[in-house]
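Participant: Each chain, written out:
There are 2 protein chains.
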Amino acid sequence: MSNKIKILLAEDEPALALIIKESLETRNFEVTHCKNGQEAFDVFTKQTFDILVLDVMMPIKDGISVAKDVRKIDKKMPIIFLTAKSQTTDVIEGFNAGGNDYLKKPFSMEELIVRVQSLLGRIHEDQREEKIAVGNYVFNFTKQTLRFSEVLLTLTHREAELLLLLIENKNEILDRSIVLKKIWGNDDFFNGRSMDVFITKLRKKLNLDPNIQIINVRGQGYKLIY
Amino acid sequence: MSNKIKILLAEDEPALALIIKESLETRNFEVTHCKNGQEAFDVFTKQTFDILVLDVMMPIKDGISVAKDVRKIDKKMPIIFLTAKSQTTDVIEGFNAGGNDYLKKPFSMEELIVRVQSLLGRIHEDQREEKIAVGNYVFNFTKQTLRFSEVLLTLTHREAELLLLLIENKNEILDRSIVLKKIWGNDDFFNGRSMDVFITKLRKKLNLDPNIQIINVRGQGYKLIY
DNA sequence: ATTCAAAGTTAACGATTGTTAACACCCTTG
DNA sequence: CAAGGGTGTTAACAATCGTTAACTTTGAAT
Numbered sequence: 060m061s062n063k064i065k066i067l068l069a070e071d072e073p074a075l076a077l078i079i080k081e082s083l084e085t086r087n088f089e090v091t092h093c094k095n096g097q098e099a100f101d102v103f104t105k106q107t108f109d110i111l112v113l114d115v116m117m118p119i120k121d122g123i124s125v126a127k128d129v130r131k132i133d134k135k136m137p138i139i140f141l142t143a144k145s146q147t148t149d150v151i152e153g154f155n156a157g158g159n160d161y162l163k164k165p166f167s168m169e170e171l172i173v174r175v176q177s178l179l180g181r182i183h184e185d186q187r188e189e190k191i192a193v194g195n196y197v198f199n200f201t202k203q204t205l206r207f208s209e210v211l212l213t214l215t216h217r218e219a220e221l222l223l224l225l226i227e228n229k230n231e232i233l234d235r236s237i238v239l240k241k242i243w244g245n246d247d248f249f250n251g252r253s254m255d256v257f258i259t260k261l262r263k264k265l266n267l268d269p270n271i272q273i274i275n276v277r278g279q280g281y282k283l284i285y
Numbered sequence: 060m061s062n063k064i065k066i067l068l069a070e071d072e073p074a075l076a077l078i079i080k081e082s083l084e085t086r087n088f089e090v091t092h093c094k095n096g097q098e099a100f101d102v103f104t105k106q107t108f109d110i111l112v113l114d115v116m117m118p119i120k121d122g123i124s125v126a127k128d129v130r131k132i133d134k135k136m137p138i139i140f141l142t143a144k145s146q147t148t149d150v151i152e153g154f155n156a157g158g159n160d161y162l163k164k165p166f167s168m169e170e171l172i173v174r175v176q177s178l179l180g181r182i183h184e185d186q187r188e189e190k191i192a193v194g195n196y197v198f199n200f201t202k203q204t205l206r207f208s209e210v211l212l213t214l215t216h217r218e219a220e221l222l223l224l225l226i227e228n229k230n231e232i233l234d235r236s237i238v239l240k241k242i243w244g245n246d247d248f249f250n251g252r253s254m255d256v257f258i259t260k261l262r263k264k265l266n267l268d269p270n271i272q273i274i275n276v277r278g279q280g281y282k283l284i285y
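As they're listed, the protein sequences go chains G and D. Reading the first sequence from the start, the letters are residues 60 to 285 in my numbering. Reading the second sequence from the start, the letters are residues 60 to 285 in my numbering.
No lab work stands behind these hints: they were computed from the structure. Since we're looking at a predicted model, the values are computed, not measured. Some hints here could point you the wrong way.
[Unchecked claim] With a straight-line cut-off of 16 Å between C-alpha atoms, the simulated EDC-like cross-links for lysine to aspartate or glutamate are: (1) G:Lys163 - D:Glu170; (2) D:Lys229 - G:Glu189; (3) D:Lys240 - D:Glu220; (4) G:Lys241 - G:Glu220; (5) D:Lys163 - G:Glu170; (6) D:Lys241 - D:Glu220; (7) G:Lys131 - G:Asp101.
Could you put together the complete structure from these sequences and hints?
Facilitator: Listed below in structure tokens is the structure:
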């Protein structure tokens, strides 16, 4: 199973459907296209999607009707309507049917993409995984903790920030001045010494796993290896 | 304190601002109007709102800039942009700044209202219940209570306000000065100490669940994690 | 081998934060 | 109006964190 974001697109006009599908696919979305509302609802019940993009006017079953049926099953599924109609009443009808956004034709692909992302962002916001494996440790940045089997070490905020930068550049040289600018704001002499102190502290806390090392590269910076 | 939905409206054109304000008020929203972005951001830091409606082009500080600053403080606050510009690039810029919707002028009041309601609906799904899960606790802001299975703790108003802000920024750093401006009105030294006292009180009341912690980030603020 | 700058380490200091308690200010109640 | 509980602020002291300083060790260049 791929981990791509899955979009169900219902659009009866073949040319437009193709353009939308391809545009979304270039952004690495996985798009399933249906030619009418009936087909779309059928597919919806049989697969899982992250977001629905529904044309309002379609043969057999219109988009609003699809949305209403979907809402009976799934209250949270993000739904965007596409429509040629631009009267306000249609927009209102769309929202009342449980739509989350309403895009009037003609619209640019960029705008569609950005609105799709906006709706998805909200859904996915709580899902970030915060635990990072570092050798035999588990590092949790937000909790500022390092766990080595049963041993739980707590880090200060500075230590956690520094470790995160090192991890993001693991096995590569992390430049002194980069760190200093990012964490301390500027790279003057004293901040540099302060950073060295924190490297010492991190080394102490990371020495439970002998495979982890913070190596100094004289004149350049540090390298976290494991 | 009224329980109306609070909207912060930033719009420099007086005639349009008045129309919007009155339209929203007929729907029983409470609207605070600001004439430019600077004013809007000031007010935002000192009061609490449910949604922001920002004109993009304004003197002194534009709406996009306001949104970016707001996002540094509050990741979830719903933001709708209003704009005369209709180029796609502006829409994209708006979403990138953290906006949740983008309405092109001229728009109908009805459309604004449905879009406001659509965004609020999503947010209030979590909160309309008024009961917010915090680890194994259940927090009820209006009742100022914290329940841990059978144990019911009552909070003072200050405690409840502070906890709500922490929850709205869970797993992220909540800035000292933001809290102080929002709850105490200004961030002088003594209010700062007072806030620290309340953090202590909250920690005590939250220590039934060992997974909940209020972490201090020296010089910046506090972070609620669970 | 000598020299000097960079980095390692430890300790001390000052600023920030944590905690407790005393105090002041409401409300409500008698 | 006095008493008392509840609430928020101020003050005092303890603990923690980040920086600075001092001294030591390392490594590269001469």
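Participant: Compare the structure with each hint and give your call.
Facilitator: Right, here's what the structure says about each hint:
1. G:Lys163 - D:Glu170: Roughly 12 Å separates the two Cα atoms, so the pair holds.
2. D:Lys229 - G:Glu189: Measuring from Cα to Cα gives roughly 13 Å; hence the hint holds.
3. D:Lys240 - D:Glu220: 12 Å, holds
4. G:Lys241 - G:Glu220: 9 Å, holds
5. D:Lys163 - G:Glu170: Roughly 13 Å between the alpha carbons, so the hint for Lys163 of chain D and Glu170 of chain G holds.
6. D:Lys241 - D:Glu220: Satisfied, since the Cα-Cα distance of roughly 9 Å is no more than 16 Å.
7. G:Lys131 - G:Asp101: 14 Å, holds
No hint from the list above goes unmet by this structure.
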